[in-house]
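Protein chains in written order, with the working numbering: chain R, 164 to 522; chain L, 26 to 148; chain A, 248 to 401.
A few of these clues could be false.
One side of the interface only, derived from the structure: several residues of chain L facing chain A at Cβ under 10 Å [to be verified]:
| hint | residue |
| --- | --- |
| 1 | H52 |
| 2 | I132 |
| 3 | P139 |
Computed beta-carbon distance windows for the label pairs [unchecked claim]:
| hint | chain 1 | residue 1 | chain 2 | residue 2 | range |
| --- | --- | --- | --- | --- | --- |
| 4 | R | Q440 | L | Q34 | 28 to 34 Å |
| 5 | L | T130 | R | E341 | 47 to 53 Å |
| 6 | L | T37 | A | D350 | 47 to 53 Å |
| 7 | R | D304 | A | R284 | 23 to 29 Å |
| 8 | A | K383 | L | P119 | 26 to 32 Å |
| 9 | R | E341 | A | P360 | 44 to 50 Å |
| 10 | A | R284 | R | E216 | 45 to 51 Å |
Bear in mind the hints are in silico, worked out from the structure with no lab data behind them.
Just so you know, even glycine gets a beta-carbon here, dropped at the ideal spot from N, CA and C.
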Amino acid sequence: MPERIIVPFGPQHPVLPEPIHLDLVLEDEKVVDAVPSIGYIHRGLEQLVQKREYTEYVYVTERICGICSFIHALCYCQGVEHIMEIEVPDRARYLRTIWSECSRLHSHLLWLGLFADGMGFENLFMRSWQLRESVLDVLEDTTGGRVIQGTCKVGGVRRDIDQEKLDEMHRALDPFEEECRDLGDVFLNDETVKYRLRGLGVLSKDDAYNLGAAGPTLRGSGVAVDLRETGYAAYGDLGFKPVVETAGDCYARCAVRVRELSSSIDLIRRAIDAMPQGPIDVKVKGAPDGEYFSRAEQPRGEVVHYLRGDGTKHLARARIRTPTLANIPALVKMLPGVQLADVPVVVLSIDPCISCAER
Amino acid sequence: MTVMVKEEQTTTSVALEDLIREVEGLHADGYRLVQIGCTDIGGAYEINYSFDKDYQFRNLRLTVGPEEEVPSISGIYWGAFVYENELHDLFGIPVTGINIDFKGTFIKTAEKYPFSVTRRGGD
Amino acid sequence: MTFLKRSPWILHYDASSCNGCDIEVLACLTPLYDVERFGIINTGNPKHADILLITGGINSQNRPVVRNLYEQMPEPKVVIAVGVCAATGGIFRECYNIVGGIDKVIPVDVYVPGCAARPEQIIDGVVKALAILEEKREKMTGEARHAAEAGEST
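Could you put the whole structure together from the sequences, leaning on the hints where they help?
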């Protein structure tokens, strides 16, 4: 039997912008076991509910993660709104949907870039991030912030998008879709990419489901679970079908995200077409008293905000379960059997967002 | 126009000795584990085990005292270790029989068991 | 490009940031902002780096990591704290696990404000850091020459 050695991976590692540490147990070049350890960016922000009023805590939830920021705020606001039985105006629900999908677009393009970088395909990395800038321009134009938007609030949204801007966005979608298709074509059909990704880090359907994986990691293994199907925000009106791939390897997880680009563009287009008129927020009085598990679909998967109010301005408890934390067991199951050189690609394939996972 | 969608969420209280049996039942019914979360309710802990099947959200609620040992469900749901290590590291709840037990090193904090009321400052 | 005499290499580390600043740091390297045209390269190896770019505040677990990275970098070196969290702890300063800004552990030369800091601001911060780096280099070479001359005279 070959000798076993342990290779530490991280916390500071060239392929990851964020710190995570893995102890990789190797037999020659092959991984036989992987033990994750996190905590390098644990802040403890769940406890900030005791110091911030429930309306202010939205800003904290936005900063759980700078990539999924809008959807964190959305999920939190929806939870508080359900506890307080606030009916959000239709226009606000549609605007939230548009911004959520913009966030997903920029997050997926960001991930595609990092993934290309992980594969050593530098050119494709640059190309993805170049395309991503056009989404950030729309976000900055409509919300004022590139990565942290600050538009979602309890009871609605803070800014409206006027008709002229909506029309402009609608017109820009076609050429953008074209560019996404060209980019996706490289990820899905390029021989070198396929060679790197096919059959790598396979997660079976049963494993994905039983390990509690979320988002593209789950859907790449053939499980059609996407919280947007429950119809929160305006997804119920717009109609939605999850994107599913069945192979369960890195290629399938990549393909899910590439195909979700088109589904997001389509959702934005339909949301603009069906945009209702009217107010964008309602006045919020009182304080939340009760509990709710608010769920939403982030670019990385299902996020759960458990909120509990006791009738005061400060929530009694906020517990945030982010998709990356749920995907860590899946990652641990994917790694055994892969070559050391493929570890970065496999780790990236779950789209790890460590600041989400550690809060 | 539809109105805002509020999910039906069922919460069932479960006794400590029934936990494993209940979780096994849900596993056999094809539920997936969504999360395990804990809330401090004035001297005791309320642990929520959340499951989902076809967007049906179910919750098992366990109430335990500060020093009470909780059996791990990682034998049924392998991935539960992340949440159970978190319970231990942040709340100081002794969870027994976790498949990958980090023994307090999963999330390292400056202050030991920051969410615990009874054990604040460590022991 | 008179301010740029050499090609500085950057090491980026996420202390406990929310990712917002990190992705903006990376955005600086990509086609729209493209600092690579100035010869600025993001490296993963602290021994190759001239500039340490840190986002987020210090927490108890990453304190030794940050110090270790800083100590591995060759002299002269500069540190840029990107975003308000790196400056003071920002919105998370009251969290139980946050110690505070980067300057609690290592000396910081340039503070870039913002939540999240914009790419233009980060580039501006790097330019300011370059001037400081040049100053430190001159001081070092001056001291070395001084020491050499002192050595010859005895």
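Hints versus structure:
The closest approach between the C-beta of H52/L and any C-beta of chain A is roughly 34 Å, which is over the 10 Å cut-off, so the hint fails. At a threshold of 10 Å, the smallest CB-CB gap from I132/L to chain A is about 8 Å, leaving the interface hint in force. For P139/L, the shortest C-beta to C-beta distance to chain A is roughly 5 Å, which falls under 10 Å, so the interface hint holds. Range check, Q440/R to Q34/L: Cβ separation about 33 Å, and the 28 to 34 Å hint holds.
Range check, T130/L to E341/R: Cβ separation about 49 Å, and the 47 to 53 Å hint holds. At roughly 51 Å, the beta carbons of T37/L and D350/A sit within the given window of 47 to 53 Å. Between D304/R and R284/A the C-beta distance comes to about 26 Å, which sits within the given range of 23 to 29 Å. In this structure the supplied range 26 to 32 Å is violated for K383/A paired with P119/L, their Cβ-Cβ distance being about 52 Å.
At about 38 Å, the CB distance of E341/R to P360/A disagrees with the hint of 44 to 50 Å. At roughly 46 Å, the beta-carbon separation of R284/A and E216/R lies within the given 45 to 51 Å, and the hint holds.
The structure does not agree with the numbered hints 1, 8 and 9 stated previously, though it agrees with the rest.
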